[in-house]
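What follows is each chain in one-letter form.
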Amino acid sequence: MKNLLAFFLVGVSACFAEVVIVANPSVKATAVSADELKQVFLGSKATLGDGSAVEPVLAQSGAAHEAFLKTYVGKSDPALRNHFKSLVFTGKGSMPKSFATDAEIVAFVAKTKGAIGYLAAAPSAGGVKLLTVK
Amino acid sequence: MKTSGIAAKVWLSIGIFAAGYLISIATGQVQGYATERRLRTTAETLFPVAQRTQDASESFLRMARNFNDAVMLEDESALDRAGQEASTTVQSLRASAALPGIAAERQQAVQRMAKAMEQVAAAGRSTYGGMLRAKGNMTPELQRQSRDLASQMEVAKTGLQALANDTAKDLQNELQALERSSGWQRGLNLTVLALTLLISVFFVNRTIQRSVIGPVARVIHGVEVAVGEASLASEQMASVVLQK
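Heads up: the protein sequence lines correspond to chains A and B, in order.
Residue 795 in our numbering sits at position 103 of the first sequence; the count goes up by one each step and never skips.
Residue 273 in our numbering sits at position 30 of the second sequence; the count goes up by one each step and never skips.
None of these hints come from the bench; they were simulated from the model.
Worth double-checking, as some hints may not be accurate.
Cut-off 20 Å, straight-line C-alpha distance, at most; resulting in silico cross-link-like pairs (EDC-like, lysine to aspartate or glutamate) [what the hints assert, rightly or not]:
1) 784/A to 312/B
2) 789/A to 758/A
3) 730/A to 758/A
4) 412/B to 323/B
5) 821/A to 794/A
6) 720/A to 742/A
7) 803/A to 747/A
8) 378/B to 287/B
9) 784/A to 384/B
10) 784/A to 361/B
11) 784/A to 287/B
12) 412/B to 348/B
13) 821/A to 747/A
14) 400/B to 384/B
15) 378/B to 769/A
16) 789/A to 287/B
17) 412/B to 422/B
18) 412/B to 287/B
From a predicted model like this one, the values you see are computed outputs, not experimental measurements.
With the sequences and hints as input, model every part of the structure.
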């Protein structure tokens, strides 16, 4: 019963969770389309429309992670991991880096040229730029 | 003397025909043995090589599918199945290379392929086993190994398919050569038979013309001349009697 309740709460929180897209300041774009986000996070595209090279960064879990995958990628977490495993197996791609907390994501995105990730809320620390979704 | 000449000519004609027939039979036999020898090579070498390289190609694909299952489904038993398929691939190739009568160049290519398959299978077991145990948290080194292995697998797959196609082509070429040889053999037999028949007919006809029809015609002509002369003599005798 407790598990069911927890599952329900995670589901509900995922539905209402907000997601903020962040990128390294080297990314020239200030906005990305939902389709571009999907392609970048599925590993099928490595540049944005303005020509900026990007590297996706994933969260390992959490409501924002679930909401991001559901809203922009259209895959569940296991399905996305399988997708990337398949890319690695066929030599067509590599697993994106993933971090346990938003702070780790911010730190990585801030120091890595072209990195693009998502957070549950706008970061308090600097070093990253916010991208709007068109 | 004349009778023995005719008989000799008739026997000569029959002898030419018989010799032609024997030559035709002899060439048929020689070519038949050659064809049987080539068919034996085809049955004992080319066909098994083609079949085993095809088997190797199929078991390699099954090995790749099992490696994929091992990584994607995190199924350890798929790794064992991949290992078994890899052994089948290598065994099929080694059995092909060991067949008697296989061309040296082809044998070397098959042996090289068997060695490459062994290396790919060992690397696959190590790398994909590592990916399976990492359960999605793959190190960059493991990912690099996987990328390298993916390209090695692709090269091996292409090479194996090319080898299977080449051995199938060897078999097809040999069967086509046998078909051409059989057609040529039939043509040769028919030509030899037709030639000897023509020569025999020519000699028989010449013998009949010279030894039978010619003398008979000369006798008939002689008889006709004698009849004419007798008739003339009879008329002359009749006119002498009338004058008297």
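Going through the hints against the structure:
1. 784/A to 312/B: At roughly 17 Å apart (the allowed maximum being 20 Å), residue 312/B and residue 784/A satisfy the hint.
2. 789/A to 758/A: Holds, because 16 Å separates the two Cα atoms, which is no more than 20 Å.
3. 730/A to 758/A: Since the Cα atoms of residue 730/A and residue 758/A sit roughly 14 Å apart, the hinted pair holds (cutoff 20 Å).
4. 412/B to 323/B: The hint is violated at about 34 Å.
5. 821/A to 794/A: holds (14 Å)
6. 720/A to 742/A: holds (7 Å)
7. 803/A to 747/A: holds (12 Å)
8. 378/B to 287/B: violated (48 Å)
9. 784/A to 384/B: Judged against 20 Å, a Cα distance of about 15 Å means the pair holds.
10. 784/A to 361/B: It is violated: about 24 Å lies between the C-alpha atoms, which goes past 20 Å.
11. 784/A to 287/B: Given that 20 Å is the threshold and the Cα spacing comes to 43 Å, the pair is violated.
12. 412/B to 348/B: holds (15 Å)
13. 821/A to 747/A: It holds: about 15 Å lies between the C-alpha atoms, which stays within 20 Å.
14. 400/B to 384/B: Outside the cut-off at roughly 24 Å; violated.
15. 378/B to 769/A: Given pair residue 378/B, residue 769/A holds - Cα atoms ~13 Å apart, limit 20 Å.
16. 789/A to 287/B: Violated. Residue 789/A to residue 287/B sits at ~56 Å, over the 20 Å cutoff.
17. 412/B to 422/B: Judged against 20 Å, a Cα distance of about 15 Å means the pair holds.
18. 412/B to 287/B: Answer holds: residue 412/B to residue 287/B is near 16 Å, not above 20 Å.
Of the numbered hints listed earlier, those contradicted by the structure are 4, 8, 10, 11, 14 and 16.
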